[in-house]
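> Below are the chains, spelled out letter by letter.
Number of protein chains: 4
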Amino acid sequence: MSKIDVAIIGASGYTGGELMRLLINHPKVNIKYVTSRKNEGVDVSALHPNLEDVDLQFSNPEPTQVDADVVFSALPHGASMKLVPQFLDNGSKVIDLSGDFRFSDPKVYEKWYNIEHIHPELEAVFGLPEINRELIKDADLIANPGCFPTGAILSSLPIVENELVDRIVIDSKTGVSGAGVNPSQTTHYPVCADNIKPYAIASHRHTPEIREQLHNFGSGDVKVSFTPHLVPVTRGILTTNHSFLKDDVSAEDVYNLYAEYYKDEPFTQVLKDNKLPLLASVRGSNNCQIGAISVDDVGQLVVIAAIDNLVKGASGQAIQNMNIMFGFDEKDGLRNAGLFP
Amino acid sequence: MSKIDVAIIGASGYTGGELMRLLINHPKVNIKYVTSRKNEGVDVSALHPNLEDVDLQFSNPEPTQVDADVVFSALPHGASMKLVPQFLDNGSKVIDLSGDFRFSDPKVYEKWYNIEHIHPELEAVFGLPEINRELIKDADLIANPGCFPTGAILSSLPIVENELVDRIVIDSKTGVSGAGVNPSQTTHYPVCADNIKPYAIASHRHTPEIREQLHNFGSGDVKVSFTPHLVPVTRGILTTNHSFLKDDVSAEDVYNLYAEYYKDEPFTQVLKDNKLPLLASVRGSNNCQIGAISVDDVGQLVVIAAIDNLVKGASGQAIQNMNIMFGFDEKDGLRNAGLFP
Amino acid sequence: MSKIDVAIIGASGYTGGELMRLLINHPKVNIKYVTSRKNEGVDVSALHPNLEDVDLQFSNPEPTQVDADVVFSALPHGASMKLVPQFLDNGSKVIDLSGDFRFSDPKVYEKWYNIEHIHPELEAVFGLPEINRELIKDADLIANPGCFPTGAILSSLPIVENELVDRIVIDSKTGVSGAGVNPSQTTHYPVCADNIKPYAIASHRHTPEIREQLHNFGSGDVKVSFTPHLVPVTRGILTTNHSFLKDDVSAEDVYNLYAEYYKDEPFTQVLKDNKLPLLASVRGSNNCQIGAISVDDVGQLVVIAAIDNLVKGASGQAIQNMNIMFGFDEKDGLRNAGLFP
Amino acid sequence: MSKIDVAIIGASGYTGGELMRLLINHPKVNIKYVTSRKNEGVDVSALHPNLEDVDLQFSNPEPTQVDADVVFSALPHGASMKLVPQFLDNGSKVIDLSGDFRFSDPKVYEKWYNIEHIHPELEAVFGLPEINRELIKDADLIANPGCFPTGAILSSLPIVENELVDRIVIDSKTGVSGAGVNPSQTTHYPVCADNIKPYAIASHRHTPEIREQLHNFGSGDVKVSFTPHLVPVTRGILTTNHSFLKDDVSAEDVYNLYAEYYKDEPFTQVLKDNKLPLLASVRGSNNCQIGAISVDDVGQLVVIAAIDNLVKGASGQAIQNMNIMFGFDEKDGLRNAGLFP
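Sequences listed follow chains A, B, C and D, in order.
Numbering of the first sequence is given in the numbering used here, commencing with residue 1 and proceeding in unit increments.
Numbering of the second sequence is given in the numbering used here, commencing with residue 1 and proceeding in unit increments.
Numbering of the third sequence is given in the numbering used here, commencing with residue 1 and proceeding in unit increments.
Numbering of the fourth sequence is given in the numbering used here, commencing with residue 1 and proceeding in unit increments.
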């Protein structure tokens with residue numbers, strides 16, 4: 001059986017490394033390019049020490065010369081939008097892991113990212129399969145969702161679509177790999193360990209991304225607030241979704257709603273019996289666990305979701321999108337269970 | 001200058017150890033008893049290895065024989081209420097670190113703790129100096145606040161008293177020492193590390209404690225929800241306080257309100273210039289840091305508070321109460337700065 | 001192609017969970033039994049939350065009724081030797097992960113494990129493929145090596161076989177999953193985090209296991225000391241192998257010796273260019289990384305080895321042994337790269 | 001009682017912060033200067049968030065203008081030696097925390113630090129009170145010991161002085177605060193957590209410092225090797241001291257030797273009853289715990305020592321030296337117990 005050729009553009013960071021970790025065992029993929037401007041000619045294992053026996057070197061091809069069936073762009077926002085049109089012109093399908101094509105209105109992008117959008121004409125499909133599976137099948141350009149939005153949206157969809165709530169408070173806790181590969185005071189071990197850092201309160205760029213997607217459902221006007229925290233964990237985002245029920249609905253009813261909503265999803269698991277979604281359960285896997293659904297005596301609903309920020313929150317979801325685009329089994333390359341303990 | 005005699009009842013756990021750690025350097029205190037039924041005659045350093053050169057042994061006196069100016073009861077709830085009346089009869093002042101005397105209505109206690117209250121006649125002062133300093137001065141029995149309520153209440157008081165909000169969502173993140181000294185699956189390192197565990201959602205016992213105190217302020221009917229999470233940190237509680245402004249108020253106005261409210265407090269610090277309260281800043285100290293006050297574009301106010309759960313959240317606050325009760329400088333024994341990094 | 005039937009006896013612990021995590025994706029294996037006396041009828045995901053979508057329940061068959069091509073015994077030492085003969089009688093091949101059959105002389109076992117050996121007549125092959133690949137092919141009973149011995153032996157073999165040293169000091173650092181699934185004071189997060197615990201100094205049971213294997217090489221009398229430390233890491237053993245060169249040999253010469261020795265090994269990687277073996281590089285994989293080979297100016301040689309204690313140190317190596325025994329590709333089921341970061 | 005004036009030069013890093021943390025509560029000290037070239041005028045709490053209520057700002061005085069009874073130089077090596085002579089000329093006593101004055105032979109310094117020594121004429125006392133208390137009393141310039149050497153020397157002294165061994169292998173495990181305040185790939189949380197990094201094998205600068213001190217004792221020719229490891233801990237150095245007994249000596253005899261040797265030391269504690277020295281026991285305190293003394297059946301002696309690298313391994317020991325130099329109680333400012341848990 002022939003394999004498709006894959007390019008990973010900007011492969012020196014954590015999402016690039018994660019794409020390689022998963023794709024080296026994908027049965028239908030040939031990794032043709034892994035690019036890095038700064039590391040041309042270097043073995044990938046020099047930056048990704050877990051890939052010691054993977055025989056790949058970083059290259060630095062001209063964008064016009066990238067000849068691949070699918071291009072994963074793991075470049076930073078701003079940089080990605082400059083190259084994506086060329087890859088599309090080359091005839092590749094493109095899955096962009098940056099924020100550049102996630103908004104239907106480029107003005108929203110420009111406001112929150114503070115960068116001019118130079119390709120507002122390009123239309124992308126927001127690559128959350130739980131929402132857009134059919135559109136993804138035929139898409140040429142996928143905007144792969146942000147890590148926080150993946151957990152926030154999946155934990156909210158059923159109650160928003162069914163108009164059970166009018167305000168949602170997302171309190172997210174992320175592992176430090178979400179800060180990327182470059183060290184800083186924030187990620188310095190003596191500062192980061194045994195500590196919790198709330199950040200970008202009321203101002204995080206993932207806020208409008210969550211809002212745009214949720215406003216496509218239900219009455220379209222649910223109020224969404226988002227507050228991220230950095231916790232001393234390497235991988236994972238735990239989303240605590242607080243909302244306020246408009247009517248008297250039991251936790252069991254809400255559970256049944258979620259279970260039904262996601263019953264055919266290959267990776268989104270609604271946990272029975274009040275089982276807790278845990279970062280430790282999804283570590284390294286493409287699963288999203290949802291559960292611990294509770295209602296208190298003042299009408300607050302809590303829903304918990306757990307993902308691995310680098311997998312379902314980034315590279316794994318990108319591969320899931322690729323599988324859908326090319327008609328592969330959606331689980332190909334993504335069958336590994338989480339690493340517990 | 002003469003010193004007061006102190007008894008620590010139930011000194012084998014973390015709050016007992018912490019009382020010793022702080023009191024051994026208190027200028028006006030003589031530690032007369034540190035009790036443990038299971039460890040009679042054992043050096044305290046056998047259980048608290050940081051106290052290697054402290055020459056104290058656990059004893060197991062009859063409650064009637066405990067002759068001390070002040071008794072700290074670090075017993076579990078349920079056990080504490082059995083002994084506290086005797087200590088009062090002996091003429092001691094009592095600071096109880098359990099939940100037994102925190103509620104004005106014993107029925108609330110019985111409902112949430114699922115234990116019959118055998119001394120409903122005893123009245124205690126809720127030992128949060130920021131609320132009750134004057135009452136504490138003359139109290140014989142102090143109900144030392146719970147760890148979560150300390151952060152939750154201090155982060156809420158100014159907005160509740162001023163009726164700026166009608167609903168508060170407390171999303172708390174606690175270090176594992178809050179689970180106490182006894183090991184369990186939950187606190188097993190391979191499970192607990194690199195993980196986050198939400199727990200007791202919509203059912204935690206600290207919920208009614210937070211509510212009772214806050215209902216004494218403002219209109220008395222603010223709706224309070226509380227969700228705790230266990231994070232891989234040894235010490236500290238970070239409280240993320242989400243509320244919803246009834247009117248259009250700026251973050252700066254809210255900041256000024258908090259700064260004014262706590263300006264004379266010796267341990268509650270309102271941080272300027274959007275500085276972040278961090279567990280790493282208060283580790284081992286009796287400080288409560290409040291800050292990062294923000295308002296988003298859908299009217300959500302966020303206030304962050306950080307405490308060390310074993311100090312301001314337990315033993316340090318107990319000593320602060322003792323200092324107030326005996327007319328000592330409120331900072332005596334509590335002057336050490338946090339341990340950073 | 002038909003698959004072999006596998007039984008995992010004692011599947012509730014970490015090595016049992018790890019066997020399942022890896023075997024569910026093994027192309028030639030059908031998991032027929034996963035047993036647990038205490039958890040009969042329970043979904044495996046109740047204990048192994050990473051296996052949420054694995055449709056397996058614990059069973060509790062009579063040993064005589066276990067009909068499998070290969071039995072992995074993940075029982076504790078002492079318990080395992082009672083059942084292994086029955087599995088062999090049933091016609092199964094057996095891979096025993098306990099210490100029960102690791103010693104050629106049962107008296108050594110009895111001395112260090114303080115248990116009478118009730119089946120001294122059974123002969124097992126020590127299942128370290130790097131030593132015994134040919135014997136493993138035809139074995140009916142494999143004694144899967146201990147976690148510490150795997151790193152200790154692999155880091156020592158070339159210098160012992162070539163008689164370069166006469167004394168070896170193994171200073172090992174293990175992750176906490178090595179302590180197993182049951183919580184204790186030692187593994188209690190507040191004690192274990194931000195701490196290091198040396199233990200069983202001069203008395204650990206893995207000492208004679210390391211010695212027996214190494215005494216089969218070279219002059220047979222190398223002096224081996226072993227000191228383990230528990231470090232706040234979930235997975236992995238870093239072995240620091242200190243030895244003393246009898247003659248003047250350069251680090252480069254020693255490196256070349258190791259590179260040649262292991263050049264055909266599928267999982268033991270000798271790292272070039274002074275790259276450091278790291279736990280983070282092998283996490284979740286069956287790789288053993290060896291490197292950082294150095295000689296100081298007083299004749300001390302240092303060799304570093306890194307493994308995941310639950311994979312190459314236990315369940316992965318057991319699967320590697322199974323692959324050899326059944327003529328499968330030695331990497332089947334073990335192709336996943338380490339999880340970094 | 002009058003207080004002495006103290007200057008802390010280079011106070012922006014961890015050792016500077018730690019000096020402040022401890023000295024703000026020292027009864028006989030007035031902190032007159034805390035200097036930082038880059039942070040002139042900034043509140044110390046901007047860099048040391050645990051010092052929120054400490055009213056000190058960084059200044060940047062001309063070295064000639066520093067008028068203090070004692071100067072702590074917390075500058076990097078190389079930078080320190082340029083300023084120390086000026087502070088001495090000003091009439092201050094100087095305690096230098098860098099490596100610049102730790103060697104009697106400047107050529108050793110130049111070889112291992114690869115820097116020309118511009119003040120070889122200055123003689124300093126190596127500030128390890130357990131060795132040099134009498135000399136420290138009259139010294140004008142103290143070379144405060146390195147963090148690793150403190151643990152290595154204290155764990156070795158009795159056996160070297162008594163010539164029980166002729167080779168010592170120091171295998172040290174350090175917390176990440178030892179790497180200082182500046183972030184790097186090595187200290188990046190996702191790399192550093194759940195990992196162990198051996199480094200500078202056979203080449204660490206603390207090797208000659210350990211050797212010079214130990215060669216002053218016994219026969220003067222003990223062979224010392226040193227291998228450091230970075231472990232995911234914020235504070236602390238655990239020293240595993242492996243040596244080889246020349247004669248048949250029991251662990252009990254060695255224990256008695258250590259207990260006697262350090263019996264009058266205020267901070268060096270030899271633990272009875274095989275108690276384990278632990279980082280968690282000394283965290284934040286100036287104590288050095290020594291214990292777990294064991295002898296195996298091939299003549300290897302193991303001694304374990306635990307210190308906090310920032311306290312007994314740096315700033316606390318510097319204050320201990322100051323107390324000795326000025327005739328204060330040696331424990332002044334250093335009475336706080338370790339922070340456990």
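Hints are not guaranteed to be accurate.
Claimed, not checked - Derived DSS-like pairs (lysine-lysine); straight-line CA-CA distance at most 25 Å:
hint, chain 1, residue 1, chain 2, residue 2
1, A, K223, B, K223
2, A, K38, C, K246
3, D, K28, B, K38
4, B, K246, A, K223
5, A, K107, A, K32
6, A, K223, A, K32
As the list claims (entries may be wrong) - Among chain D residues calculated to face chain A with C-beta under 8 Å, some are:
hint, residue
7, S2
8, W112
9, Y113
10, N114
11, H119
12, P120
13, A124
14, V176
15, S177
16, P183
17, Q185
18, H188
19, D194
Calculated directly from the structure, the hints in this document are not laboratory data.
These figures come from a predicted structure and were not determined experimentally.
The C-beta atom is built at its ideal place from N, Cα and C for all residues, glycine as well.
> If a hint holds in the structure, say so; if it doesn't, say that too.
Cross-check of the supplied hints:
no. : hint            : result
1   : A:K223 / B:K223 : 19 Å, holds
2   : A:K38 / C:K246  : 44 Å, violated
3   : D:K28 / B:K38   : 42 Å, violated
4   : B:K246 / A:K223 : 15 Å, holds
5   : A:K107 / A:K32  : 36 Å, violated
6   : A:K223 / A:K32  : 44 Å, violated
7   : S2              : 37 Å, violated
8   : W112            : 26 Å, violated
9   : Y113            : 24 Å, violated
10  : N114            : 25 Å, violated
11  : H119            : 32 Å, violated
12  : P120            : 35 Å, violated
13  : A124            : 29 Å, violated
14  : V176            : 4 Å, holds
15  : S177            : 5 Å, holds
16  : P183            : 4 Å, holds
17  : Q185            : 6 Å, holds
18  : H188            : 4 Å, holds
19  : D194            : 6 Å, holds
In this structure, the earlier hints numbered 2, 3, 5, 6, 7, 8, 9, 10, 11, 12 and 13 are contradicted, and the remaining ones agree with it.
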